[in-house]
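*Asks:* Whenever a hint applies, use it, and build me the whole structure from the sequences.
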Amino acid sequence: MASSQLEKTYDPRTVETRWSHEWLTRRYFHASPQQPGRPYCIVIPPPNVTGSLHVGHALNHSLQDILIRWRRMQGRNTLWLPGTDHAGIATQNVVEKQLMTEGLSREALGRERFVERVWQWKATSGNTIVNQQKQLGESCDWDRLRFTMDEGLSKAVLEVFVRLYEDGLIYRGERLINWCPRCLTALSDIEVEHEDTKGKLYSIDYPLAENPSIHLTVATTRPETLLGDTAVAVHPDDERFQHLIGKEVRLPLTNRMIPIVGDALLVDREFGTGAVKITPAHDFNDYEAGERHALPRLAILDHHALLDAAGLRRAGADPTVIDQLQRLPVSKARPKVETLLEERGHLVKVEDHKMAVGKCYRCKTIVEPYLSPQWFVKIKPLAEPAITAVEEGRIRIIPEGWTNNYLGWMRDIKDWCISRQIWWGHQIPAWYCLSCNATHVIKTENRIAILSGASPIVSKTAPASCPSCGGHDLYRDPDVLDTWFSSALWPFSTLGWPEHTEELKTYYPTATLVTGLDILFFWVARMIMMGLKFMGDVPFKDVYIHALVRDAEGKKMSKSKGNVIDPLHVMNEFGTDALRFTLASMASPGRDVKLAEERIEGYRNFANKIWNAARFALMYLDGPRTALPPAQRTFPDRWILSRLAHIIHVVTTELEAYRFDRAATALYQFIWHEYCDWYLELIKPVLQTPEHQDGASTRHTLVETLEATMRLLHPFMPFITEEIWQTIPHQGDSLVVQTYPVVDQAWTSPEVEQHFVLLEHTVGLVRTGRVLLNYPPGQQIAFHIGHDAPDRQLHLDQLQQHITHLSRGQVRVSRPHDWPTTRLLRLIAEGLSVGIPVAEDVDLQKAIERLDKQIAETNKELQRIDGKLKNVEFTSKAPPDVIAEHHGRVQTLSRDRALLADSQQQLRAMLGV
RNA sequence: GGGCGAUUAGCUCAGUGGUAGAGCGCUUCCUUCACACGGAAGAGGCCACAGGUUCGAUACCUGUAUCGCCCA
Numbered sequence: 001m002a003s004s005q006l007e008k009t010y011d012p013r014t015v016e017t018r019w020s021h022e023w024l025t026r027r028y029f030h031a032s033p034q035q036p037g038r039p040y041c042i043v044i045p046p047p048n049v050t051g052s053l054h055v056g057h058a059l060n061h062s063l064q065d066i067l068i069r070w071r072r073m074q075g076r077n078t079l080w081l082p083g084t085d086h087a088g089i090a091t092q093n094v095v096e097k098q099l100m101t102e103g104l105s106r107e108a109l110g111r112e113r114f115v116e117r118v119w120q121w122k123a124t125s126g127n128t129i130v131n132q133q134k135q136l137g138e139s140c141d142w143d144r145l146r147f148t149m150d151e152g153l154s155k156a157v158l159e160v161f162v163r164l165y166e167d168g169l170i171y172r173g174e175r176l177i178n179w180c181p182r183c184l185t186a187l188s189d190i191e192v193e194h195e196d197t198k199g200k201l202y203s204i205d206y207p208l209a210e211n212p213s214i215h216l217t218v219a220t221t222r223p224e225t226l227l228g229d230t231a232v233a234v235h236p237d238d239e240r241f242q243h244l245i246g247k248e249v250r251l252p253l254t255n256r257m258i259p260i261v262g263d264a265l266l267v268d269r270e271f272g273t274g275a276v277k278i279t280p281a282h283d284f285n286d287y288e289a290g291e292r293h294a295l296p297r298l299a300i301l302d303h304h305a306l307l308d309a310a311g312l313r314r315a316g317a318d319p320t321v322i323d324q325l326q327r328l329p330v331s332k333a334r335p336k337v338e339t340l341l342e343e344r345g346h347l348v349k350v351e352d353h354k355m356a357v358g359k360c361y362r363c364k365t366i367v368e369p370y371l372s373p374q375w376f377v378k379i380k381p382l383a384e385p386a387i388t389a390v391e392e393g394r395i396r397i398i399p400e401g402w403t404n405n406y407l408g409w410m411r412d413i414k415d416w417c418i419s420r421q422i423w424w425g426h427q428i429p430a431w432y433c434l435s436c437n438a439t440h441v442i443k444t445e446n447r448i449a450i451l452s453g454a455s456p457i458v459s460k461t462a463p464a465s466c467p468s469c470g471g472h473d474l475y476r477d478p479d480v481l482d483t484w485f486s487s488a489l490w491p492f493s494t495l496g497w498p499e500h501t502e503e504l505k506t507y508y509p510t511a512t513l514v515t516g517l518d519i520l521f522f523w524v525a526r527m528i529m530m531g532l533k534f535m536g537d538v539p540f541k542d543v544y545i546h547a548l549v550r551d552a553e554g555k556k557m558s559k560s561k562g563n564v565i566d567p568l569h570v571m572n573e574f575g576t577d578a579l580r581f582t583l584a585s586m587a588s589p590g591r592d593v594k595l596a597e598e599r600i601e602g603y604r605n606f607a608n609k610i611w612n613a614a615r616f617a618l619m620y621l622d623g624p625r626t627a628l629p630p631a632q633r634t635f636p637d638r639w640i641l642s643r644l645a646h647i648i649h650v651v652t653t654e655l656e657a658y659r660f661d662r663a664a665t666a667l668y669q670f671i672w673h674e675y676c677d678w679y680l681e682l683i684k685p686v687l688q689t690p691e692h693q694d695g696a697s698t699r700h701t702l703v704e705t706l707e708a709t710m711r712l713l714h715p716f717m718p719f720i721t722e723e724i725w726q727t728i729p730h731q732g733d734s735l736v737v738q739t740y741p742v743v744d745q746a747w748t749s750p751e752v753e754q755h756f757v758l759l760e761h762t763v764g765l766v767r768t769g770r771v772l773l774n775y776p777p778g779q780q781i782a783f784h785i786g787h788d789a790p791d792r793q794l795h796l797d798q799l800q801q802h803i804t805h806l807s808r809g810q811v812r813v814s815r816p817h818d819w820p821t822t823r824l825l826r827l828i829a830e831g832l833s834v835g836i837p838v839a840e841d842v843d844l845q846k847a848i849e850r851l852d853k854q855i856a857e858t859n860k861e862l863q864r865i866d867g868k869l870k871n872v873e874f875t876s877k878a879p880p881d882v883i884a885e886h887h888g889r890v891q892t893l894s895r896d897r898a899l900l901a902d903s904q905q906q907l908r909a910m911l912g913v
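Residue 1 is where the first sequence starts when you use our numbering, and the numbers rise one by one after that.
There could be a bad hint or two in this list.
Claimed, not checked - In silico DSS-like pairs for lysine-lysine, Cα to Cα no more than 25 Å straight-line: (1) 336 / 198; (2) 505 / 533; (3) 155 / 460; (4) 533 / 364; (5) 336 / 97; (6) 359 / 414; (7) 354 / 332; (8) 155 / 533; (9) 853 / 868; (10) 155 / 122; (11) 860 / 877; (12) 860 / 846; (13) 364 / 414; (14) 541 / 556; (15) 97 / 359; (16) 349 / 364; (17) 200 / 349.
Since the hints were derived computationally from the structure, they do not count as laboratory data.
*Replies:* Pasting the structure below:
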């Protein structure tokens with residue numbers, strides 16, 4: 001194997017392109033139920049089809065790929081199932097924007113042509129993210145790529161909808177829902193993002209009907225909805241207002257009288273004036289209060305969230321008021337109403353006030369509570385088994401801390417509004433017979449409104465005729481389902497459900513779900529509910545929740561802030577392996593990932609280090625290689641095997657615990673600081689000596705450990721490991737399908753590891769001494785080493801050749817007090833002594849300072865331990881082994897101190913001080 | 001308002017009831033035949049604060065402060 005095969009610096013780009021293509025060609029990632037091994041399946045959280053790979057995906061996908069590649073190498077029947085989500089509102093918005101640039105609109109195109117247009121868009125742009133995923137090296141079974149609007153998945157959606165409807169778990173009804181006046185659709189509760197903003201608290205006088213000179217002062221943050229008030233509430237126990245309950249007030253700006261009610265739930269006596277208005281059609285709390293007191297609902301905003309003239313008329317507003325307010329958006333109506341109230345003497349005061357506004361999670365427009373007929377999932381019956389599954393540990397959430405979050409939300413869950421008034425998505429399989437619903441289906445010029453009392457025919461296929469009247473004039477519900485409805489079915493719909501496929505039998509329940517916290521409720525909770533309902537079993541056993549990726553300052557990445565790290569750019573600059581390793585090493589549970597480019601650069605350097613270790617190995621591989629039993633190998637070989645066994649155990653254990661960060665750190669530490677810094681240095685004398693007696697065995701160990709290390713690292717850094725593995729001696733076609741290393745007990749040797757620590761300390765002291773005395777690295781020096789403990793002294797003797805090599809000098813091992821008493825710098829650590837001769841012209845200042853410092857430190861430490869040992873409480877209560885350890889340390893440190901003092905004295909004498 | 005998490009080296013973060021750790025950055029030295037994307041040696045910390053438990057607390061408990069997240 002010629003060394004010229006590997007360039008001096010690792011160039012990720014060509015390697016990555018070559019292997020990502022090659023792996024796919026060889027179909028290593030293809031899974032089938034017929035394959036041997038215990039199944040291990042992960043379904044990918046399907047990225048939006050509109051998406052392109054951002055760093056959040058990169059984290060999410062890297063972690064999954066690590067798990068998948070690791071399990072595949074362990075011999076499991078591994079399936080990582082990829083796909084994309086049709087992302088109803090998001091995708092519709094993207095295509096609408098595109099239409100706008102062409103001077104077109106959704107409405108102008110009409111529903112059918114618009115949907116066609118979205119499919120077209122999907123065909124050309126929908127694969128962007130998939131290609132980027134392949135670039136990241138994701139070992140998905142791409143043959144099984146799914147899309148939430150695939151034929152099969154759509155069939156699953158229909159099946160689920162109809163069955164839930166038949167079970168009474170889906171219903172249609174008029175409720176107050178969250179409405180985005182820009183997207184013109186309903187949203188579910190969790191699709192609304194709450195944001196604190198500066199607002200005002202208005203105090204408004206409502207005159208008492210029986211005596212207008214008396215006012216009830218009401219506090220509100222939304223005066224513009226005042227015209228829709230249908231009552232005023234006070235706390236029933238509030239002595240200030242108790243006597244008013246049951247009386248009426250005149251609603252300002254209108255001709256209406258509204259009642260004063262007592263409501264302990266709605267009213268906080270401490271807040272504002274202690275009296276609040278009730279506007280059931282425009283506030284969720286008021287809606288519920290309205291239910292409690294059987295109040296009418298008066299809607300005064302239309303679906304664009306503009307003040308509606310017809311609504312205002314119904315609400316009895318003054319004609320002049322209607323004139324001034326109609327067609328105003330909320331933001332303009334609010335100051336206008338303020339002015340009107342002030343002019344008419346109703347406004348008492350206005351204070352600054354912090355308030356939360358809800359915004360559409362897709363377009364950030366302020367959402368309005370809006371009264372309209374919608375479809376809902378009755379969720380409690382579905383939630384209960386989903387709660388139990390987690391409580392009983394059939395699903396494990398990792399880190400555990402999120403379990404309570406999940407349970408709390410599930411126990412307090414509200415019915416799920418699933419209808420969306422958009423066009424892109426699964427159209428609801430419900431039809432209305434126009435003759436049976438004559439009064440409930442209202443056709444206006446460009447809209448058909450289906451009122452809440454309409455009775456739908458729910459069916460997987462379009463009914464030929466109305467089952468009750470036989471009529472053929474059927475109209476399909478225009479609404480589509482919430483995107484998250486289809487993603488809730490993802491773990492089984494992608495495996496072929498409702499058909500009874502081999503895939504379902506083999507891979508369901510899936511093993512692990514890897515996801516960010518942001519979609520725990522959107523997605524994870526709903527998958528659990530649907531999985532339990534339709535498969536009778538949990539959809540996955542472990543849910544691993546990782547953190548959000550933020551920028552180096554900890555800020556959320558966003559295009560508007562310009563702080564986005566583009567993973568593709570990073571992959572291009574530093575290599576995909578470097579990015580993957582960075583993300584893995586930063587994935588500590590419960591903490592957000594603050595990503596800085598320097599960090600990635602550091603792991604790029606790591607990749608290069610590995611690359612050069614491989615180059616080094618290849619340089620010296622010529623010649624026979626012989627496998628000896630571990631116990632018969634050289635000290636460096638035995639040591640690295642022992643360390644390798646240890647690191648295999650650590651990485652495997654940490655991966656089992658989803659501690660990607662610790663597994664990555666351990667690998668980094670082992671490869672760089674043990675394998676490269678020490679092992680490769682230790683074996684150089686053997687490799688560089690032709691015909692060395694240990695040559696064959698050393699070369700074998702070198703390959704054996706390097707090859708195993710590549711396998712161990714492969715899930716984290718698939719590209720560079722594959723490239724190196726292919727270059728060094730190996731058996732098999734690809735690293736992807738090799739077995740993951742397991743610990744060989746014969747490798748482990750605590751004794752050898754102990755000897756190594758002694759070696760490491762000795763070499764460290766010599767190097768320190770070299771710097772202190774300004775001896776250049778190339779200069780050979782003769783020095784003494786020795787140890788307090790006789791057995792250690794013996795070990796030093798055995799290690800002599802290695803110490804010689806690593807410290808570039810001639811070593812004499814002897815008892816420290818036999819050493820010369822002049823012109824010798826003694827360095828001491830825990831019983832170990834190194835003595836370096838001091839040449840004539842050396843500046844001793846540094847050495848003396850160092851000794852001073854160490855003596856001071858040793859004294860301090862001795863004092864501390866001594867203090868403890870003199871404490872009767874400690875000696876009587878601490879465990880004996882701890883006390884013994886303390887005594888041992890006192891002994892060692894005292895001896896160290898004596899020797900250090902001695903050495904210091906010598907040096908001072910040399911200086912003539 | 002409720003819940004959760006964080007606070008450890010200049011920065012980003014691990015960690016443990018008994019000697020405080022890493023990466024990056026910093027200082028000094030070194031182009032030595034794997035690697036300067038490198039090597040060697042260093043500097044740098046009342047482990048947020050105040051109580052408590054304990055022979056012993058950075059770690060366990062309580063409270064405070066600051067920051068962040070989720071929910072309302």
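*Asks:* Assess, step by step, whether the Cα of residue 860 is no farther than 25 Å from the Cα of residue 877, and give holds or violated.
*Replies:* 24 Å, holds
*Asks:* For the pair we were handed, residue 155 and residue 460, check the Cα-Cα distance against 25 Å.
*Replies:* Given that 25 Å is the threshold and the Cα spacing comes to 8 Å, the pair holds.
*Asks:* If you draw a straight line from the CA of residue 359 to the CA of residue 414, is it 25 Å or shorter?
*Replies:* 19 Å, holds
*Asks:* Holds or violated: are the alpha carbons of residue 155 and residue 533 at most 25 Å from each other?
*Replies:* 17 Å, holds
*Asks:* Would you mind confirming whether the straight-line C-alpha gap from residue 541 to residue 556 stays at or under 25 Å?
*Replies:* 30 Å, violated
*Asks:* Does the structure keep residue 349 and residue 364 at a Cα separation of 25 Å or less?
*Replies:* Not OK: residue 349 and residue 364 at ~31 Å, beyond 25 Å, violated.
*Asks:* Measure nothing beyond the straight line between the CA atoms of residue 336 and residue 198; if it is 25 Å or shorter, mark the hint as holding.
*Replies:* Distance of about 18 Å is within 25 Å: holds.
*Asks:* Can you confirm whether the C-alpha distance between residue 533 and residue 364 stays at or below 25 Å?
*Replies:* Between residue 533 and residue 364 the Cα gap is close to 34 Å, so the pair fails against 25 Å, i.e. violated.
*Asks:* For the pair we were handed, residue 505 and residue 533, check the Cα-Cα distance against 25 Å.
*Replies:* It holds: about 17 Å lies between the C-alpha atoms, which stays within 25 Å.
*Asks:* Decide if the proposed pair is consistent with the structure: residue 860 and residue 846, CA atoms, cutoff 25 Å inclusive.
*Replies:* Since the Cα atoms of residue 860 and residue 846 sit roughly 21 Å apart, the hinted pair holds (cutoff 25 Å).
*Asks:* Measure nothing beyond the straight line between the CA atoms of residue 200 and residue 349; if it is 25 Å or shorter, mark the hint as holding.
*Replies:* 10 Å, holds
*Asks:* Please work out if residue 336 and residue 97 have their alpha carbons no farther apart than 25 Å.
*Replies:* Not OK: residue 336 and residue 97 at ~33 Å, beyond 25 Å, violated.
Going through the hint list in order, the structure does not satisfy hints 4, 5, 14, 16.
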